[in-house]
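Student: Spelled out from the first residue to the last, the chains are:
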Amino acid sequence: MSSEASQFDQLVAAKYKHGFVTDIETEGLPPGLDESTVRAISAFKEEPEWLLEWRLQAYQHWLTLTPPNWAKLDILPIDFQAISYYAAPKQDKDRPQSLDEVDPKLLETYEKLGVPLHERARLAGVAVDAVFDSVSVGTTFKKELAEVGVIFCSFSEAVKDHPQLVRQYLGSVVPVSDNYFACLNSAVFSDGSFCFIPKGVRCPMELSTYFRINAAETGQFERTLIIAEEGSHVSYLEGCTAPMRDENQLHAAVVELVALKDAFIKYSTVQNWYPGDENGVGGIYNFVTKRADCREDGAKVSWTQVETGSALTWKYPSCVLRGDNTTGEFYSVALTNNYQQADTGTKMIHLGKNTRSKIITKGISAGHGQNTYRGLVHVGKNAADARNYTQCDSMLIGKTCGAHTFPYIEVKNPTAKVEHEATTSKIGEDQLFYCLQRGISEEDAVSMIVDGFCKEVFRELPMEFAVEAKALLEISLEGAVG
Amino acid sequence: MSMILEVKDLYATVEGKEILKGLNLTLKAGEVHAIMGPNGAGKSTLGNIIAGRDGYEVTSGEVLFKGKNILELDTEERACEGVFLAFQYPVEIPGVNNTYFLRAALNAQRKYRGEPPMDAATFLRLVRKKLKVLDLKDDLLKRAVNAGFSGGEKKRNEIFQMAVLEPTLAILDETDSGLDIDALRAVANGVNALRGADRAMLVITHYQRLLDHIVPDVVHVLADGRIARSGGPELALILEEKGYAWLQENDSVAVENS
Ligand SMILES: Nc1ncnc2c1ncn2[C@@H]1O[C@H](COP(=O)(O)OP(=O)(O)OP(=O)(O)O)[C@@H](O)[C@H]1O
Ligand SMILES: [Mg+2]
Numbered sequence: 044m045s046s047e048a049s050q051f052d053q054l055v056a057a058k059y060k061h062g063f064v065t066d067i068e069t070e071g072l073p074p075g076l077d078e079s080t081v082r083a084i085s086a087f088k089e090e091p092e093w094l095l096e097w098r099l100q101a102y103q104h105w106l107t108l109t110p111p112n113w114a115k116l117d118i119l120p121i122d123f124q125a126i127s128y129y130a131a132p133k134q135d136k137d138r139p140q141s142l143d144e145v146d147p148k149l150l151e152t153y154e155k156l157g158v159p160l161h162e163r164a165r166l167a168g169v170a171v172d173a174v175f176d177s178v179s180v181g182t183t184f185k186k187e188l189a190e191v192g193v194i195f196c197s198f199s200e201a202v203k204d205h206p207q208l209v210r211q212y213l214g215s216v217v218p219v220s221d222n223y224f225a226c227l228n229s230a231v232f233s234d235g236s237f238c239f240i241p242k243g244v245r246c247p248m249e250l251s252t253y254f255r256i257n258a259a260e261t262g263q264f265e266r267t268l269i270i271a272e273e274g275s276h277v278s279y280l281e282g283c284t285a286p287m288r289d290e291n292q293l294h295a296a297v298v299e300l301v302a303l304k305d306a307f308i309k310y311s312t313v314q315n316w317y318p319g320d321e322n323g324v325g326g327i328y329n330f331v332t333k334r335a336d337c338r339e340d341g342a343k344v345s346w347t348q349v350e351t352g353s354a355l356t357w358k359y360p361s362c363v364l365r366g367d368n369t370t371g372e373f374y375s376v377a378l379t380n381n382y383q384q385a386d387t388g389t390k391m392i393h394l395g396k397n398t399r400s401k402i403i404t405k406g407i408s409a410g411h412g413q414n415t416y417r418g419l420v421h422v423g424k425n426a427a428d429a430r431n432y433t434q435c436d437s438m439l440i441g442k443t444c445g446a447h448t449f450p451y452i453e454v455k456n457p458t459a460k461v462e463h464e465a466t467t468s469k470i471g472e473d474q475l476f477y478c479l480q481r482g483i484s485e486e487d488a489v490s491m492i493v494d495g496f497c498k499e500v501f502r503e504l505p506m507e508f509a510v511e512a513k514a515l516l517e518i519s520l521e522g523a524v525g
Numbered sequence: 094m095s096m097i098l099e100v101k102d103l104y105a106t107v108e109g110k111e112i113l114k115g116l117n118l119t120l121k122a123g124e125v126h127a128i129m130g131p132n133g134a135g136k137s138t139l140g141n142i143i144a145g146r147d148g149y150e151v152t153s154g155e156v157l158f159k160g161k162n163i164l165e166l167d168t169e170e171r172a173c174e175g176v177f178l179a180f181q182y183p184v185e186i187p188g189v190n191n192t193y194f195l196r197a198a199l200n201a202q203r204k205y206r207g208e209p210p211m212d213a214a215t216f217l218r219l220v221r222k223k224l225k226v227l228d229l230k231d232d233l234l235k236r237a238v239n240a241g242f243s244g245g246e247k248k249r250n251e252i253f254q255m256a257v258l259e260p261t262l263a264i265l266d267e268t269d270s271g272l273d274i275d276a277l278r279a280v281a282n283g284v285n286a287l288r289g290a291d292r293a294m295l296v297i298t299h300y301q302r303l304l305d306h307i308v309p310d311v312v313h314v315l316a317d318g319r320i321a322r323s324g325g326p327e328l329a330l331i332l333e334e335k336g337y338a339w340l341q342e343n344d345s346v347a348v349e350n351s
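Order-wise, the sequence lines are chains V and P.
Under this note's numbering, the residue at position 220 of the first sequence is numbered 263, and the numbers go up by one with no gaps.
Under this note's numbering, the residue at position 112 of the second sequence is numbered 205, and the numbers go up by one with no gaps.
Bear in mind the hints are in silico, worked out from the structure with no lab data behind them.
A couple of the hints might just be wrong.
[As the list claims (entries may be wrong)] Computed list of lysine-lysine pairs in DSBU-like fashion (alpha-carbon distance at most 30 Å, straight line):
hint : chain 1 : residue 1 : chain 2 : residue 2
1    : P       : Lys161    : P       : Lys110
2    : P       : Lys101    : P       : Lys159
3    : P       : Lys161    : P       : Lys101
4    : P       : Lys121    : P       : Lys161
5    : V       : Lys115    : V       : Lys396
6    : V       : Lys88     : V       : Lys186
7    : V       : Lys309    : P       : Lys235
8    : V       : Lys469    : P       : Lys235
9    : P       : Lys110    : V       : Lys442
10   : V       : Lys396    : V       : Lys242
11   : V       : Lys469    : P       : Lys110
12   : V       : Lys498    : P       : Lys230
13   : V       : Lys309    : V       : Lys115
14   : P       : Lys235    : P       : Lys225
15   : V       : Lys513    : P       : Lys235
16   : P       : Lys225    : P       : Lys121
17   : P       : Lys235    : V       : Lys498
18   : V       : Lys401    : P       : Lys222
19   : V       : Lys498    : P       : Lys204
20   : V       : Lys401    : V       : Lys390
21   : V       : Lys513    : V       : Lys460
22   : V       : Lys390    : V       : Lys498
23   : V       : Lys203    : V       : Lys115
24   : P       : Lys222    : P       : Lys121
25   : V       : Lys401    : V       : Lys498
26   : V       : Lys513    : P       : Lys121
27   : P       : Lys121    : P       : Lys101
From a predicted model like this one, the values you see are computed outputs, not experimental measurements.
Use the sequences and the hints to build the structure in full.
Tutor: So, in structure tokens, the structure goes:
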């Protein structure tokens with residue numbers, strides 16, 4: 044470690060004298076955010092100087108920003124000083140010692156998802172290992188992946204083992220100053236995943252990461268960076284869960300995808316952060332910046348998301364279609380039940396010639412849920428022959444929920460063709476009666492109808508994920524009717 | 094013969110409006126009854142009440158199915174007990190595969206009866222057998238429930254579902270409307286194939302032509318919320334010839350069906 048780094052250690056140690064130094068491995072940082080927090084995180088991770096500088100710049104910039112308020116979201120003010128920005132695994136005594144001690148509702152959820160028992164145990168907070176908050180399946184197959192030159196590791200490892208790649212691409216898609224939450228993430232991000240697919244390689248297996256917020260009063264700020272070199276191909280899966288807590292927890296991730304010439308990145312998310320209870324108490328505040336840069340000609344990125352969790356979702360996975368003949372796709376299912384709110388959509392930025400984008404979204408609202416599609420299709424003046432097709436469908440279950448659609452279209456090139464279709468339907472009483480009359484229970488009928496509604500999106504998901512997504516939807520809709 | 098359906102002095106309202114006004118009807122096992130009657134008389138209402146659709150209020154009277162009060166059961170329980178309604182306007186369910194839907198229905202009913210679910214292969218064999226009887230195209234199986242089906246295809250699909258579910262009581266609400274001649278014959282074949290000693294059927298129709306293929310045991314005329322007249326198959330022929338106005342002229346001879 045450099046002498047500067049140890050100076051930071053001292054600085055940090057001085058500040059957090061009480062219960063900090065000795066418990067550093069097990070307790071993490073107490074709530075609070077200032078420059079020393081940023082330095083402390085960087086120091087824990089033994090980061091190089093340039094990365095600390097990068098974080099500090101982000102932090103300084105963040106101080107000048109105010110939270111966005113344009114989304115159709117009813118947000119309680121977030122107290123950034125009440126959040127802990129670094130939580131390492133806790134001591135064994137703090138964790139449930141056996142499955143019997145774990146909240147039965149949570150266990151039930153995993154059971155319904157068909158997650159096997161030992162897996163359930165792991166997910167429920169028993170026998171948690173150090174990288175619990177971003178477990179990478181890739182670790183299991185490190186050898187196989189290394190043989191073809193694929194790098195798949197935690198972000199912290201990447202910083203240590205592949206600093207030049209990280210330095211080259213970090214922030215190149217989502218700049219530090221991009222938006223309030225991305226900027227905060229840049230200052231305090233803890234961990235995440237890093238993937239690098241070298242030229243011409245078709246990644247031999249799906250890469251997947253399971254994110255989980257575990258500790259109380261903790262924010263999660265993960266950072267994912269995927270780089271697909273020329274002609275490479277990768278499918279990446281991301282799943283998320285969180286335990287139930289009465290307070291709102293903050294999740295502010297940044298995902299950056301870089302697709303070089305003729306590369307293809309498929310990015311699938313099943314987001315099931317804790318949505319809060321039936322009365323809207325608790326739940327995750329999910330502010331995510333996901334963006335792909337189709338940086339060179341012929342690149343293609345496809346986003347598929349199934350968003351059933353979080354009290355509040357603010358998320359717009361986007362594609363910058365920079366190269367000529369690049370393609371961006373966005374398939375989304377967003378479900379809001381009880382008091383959940385989602386403001387989600389995409390931005391397709393057509394810059395290159397002959398670029399294509401496709402947007403298919405399915406918003407489902409039940410209970411008092413509010414579901415907003417917000418999307419931008421931008422065609423730059425050089426983007427000759429750009430094409431976009433957008434289809435936004437909303438389904439309402441019951442009378443107290445809402446669906447809203449805000450499509451923004453900016454076309455600066457006359458040769459572009461942009462198509463937009465939108466529908467809103469109610470789960471008709473007649474559809475429900477039809478199913479019931481055939482002997483199908485109301486619960487099964489609703490999930491069948493909703494599943495049918497989402498079909499176009501589900502079929503974009505890898506098989507196991509489609510099954511999980513379907514199960515999740517069913518669980519999330521429980522009690523939505525009758 | 095055992096009783097399948099007994100409707101006794103049924104009064105019912107929709108949104109405060111009285112539609113059924115003292116309706117009596119009895120179906121025994123093995124019987125097929127036709128119900129005719131002017132538009133708005135309450136024919137679909139009767140079917141919907143028996144099947145348990147929301148929005149109808151029974152103000153007095155009884156509906157017994159196999160001797161039990163069916164009005165106490167949930168809609169899906171009635172279906173599982175063996176009540177089937179072929180809809181006048183079959184409903185589209187986009188994205189839900191027709192075969193998947195039907196298997197879910199069959200297995201829900203089997204579960205209710207305490208039987209194990211039917212596996213996919215056995216189900217497919219059953220389905221193919223039924224398709225043959227109805228002279229239906231295979232490709233209906235692969236599509237979403239009624240989505241983009243023609244009017245005739247929807248009606249055939251109803252009969253196909255009925256054939257697979259083998260209900261004790263089938264209520265066909267204008268299944269013949271909008272069918273071409275071949276489809277009419279196919280639907281009639283489906284109905285006739287299901288006729289049996291332990292089942293009963295209530296066929297709601299406006300046209301005598303269906304009754305050429307499905308010869309009913311009894312024909313009823315439902316007018317103004319009650320059974321205005323009942324008779325043999327010849328009643329349908331008289332109605333076809335003389336229209337419903339003839340009924341009013343002969344009000345005094347209205348008979349109770351037995
Ligand atoms: N949901 C409803 N709201 C209001 N009125 C209704 C409703 N359902 C039925 N009705 C009314 O009840 C009466 C009987 O309707 P029903 O559909 O039972 O007639 P029908 O005999 O089947 O007619 P048709 O031969 O045209 O199918 C009609 O006047 C109809 O407008
Ligand atoms: Mg009718």
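Student: Look at each hint and say if it fits the structure.
Tutor: Comparing the hints with the structure gives:
1. P/Lys161 / P/Lys110: holds (27 Å)
2. P/Lys101 / P/Lys159: holds (14 Å)
3. P/Lys161 / P/Lys101: Status holds; Cα separation ~13 Å.
4. P/Lys121 / P/Lys161: Given that 30 Å is the threshold and the Cα spacing comes to 14 Å, the pair holds.
5. V/Lys115 / V/Lys396: violated (34 Å)
6. V/Lys88 / V/Lys186: Distance ~24 Å between V/Lys88 and V/Lys186 Cα, so the pair holds.
7. V/Lys309 / P/Lys235: Answer holds: V/Lys309 to P/Lys235 is near 28 Å, not above 30 Å.
8. V/Lys469 / P/Lys235: Holds, at about 25 Å.
9. P/Lys110 / V/Lys442: holds (24 Å)
10. V/Lys396 / V/Lys242: Roughly 24 Å separates the two Cα atoms, so the pair holds.
11. V/Lys469 / P/Lys110: holds (26 Å)
12. V/Lys498 / P/Lys230: With a Cα-Cα distance of about 24 Å, the restraint between V/Lys498 and P/Lys230 holds, given a limit of 30 Å.
13. V/Lys309 / V/Lys115: holds (29 Å)
14. P/Lys235 / P/Lys225: Holds, at roughly 16 Å.
15. V/Lys513 / P/Lys235: holds (20 Å)
16. P/Lys225 / P/Lys121: holds (29 Å)
17. P/Lys235 / V/Lys498: holds (14 Å)
18. V/Lys401 / P/Lys222: violated (42 Å)
19. V/Lys498 / P/Lys204: This hinted pair holds, its Cα atoms lying about 27 Å apart.
20. V/Lys401 / V/Lys390: holds (11 Å)
21. V/Lys513 / V/Lys460: Violated, because 34 Å separates the two Cα atoms, which is more than 30 Å.
22. V/Lys390 / V/Lys498: Given pair V/Lys390, V/Lys498 holds - Cα atoms ~22 Å apart, limit 30 Å.
23. V/Lys203 / V/Lys115: violated (40 Å)
24. P/Lys222 / P/Lys121: Given pair P/Lys222, P/Lys121 holds - Cα atoms ~28 Å apart, limit 30 Å.
25. V/Lys401 / V/Lys498: Given that 30 Å is the threshold and the Cα spacing comes to 16 Å, the pair holds.
26. V/Lys513 / P/Lys121: With Cα atoms ~44 Å apart, V/Lys513 and P/Lys121 exceed 30 Å; violated.
27. P/Lys121 / P/Lys101: holds (14 Å)
Checked against the numbered hints given earlier, this structure breaks hints 5, 18, 21, 23 and 26; the rest are met.
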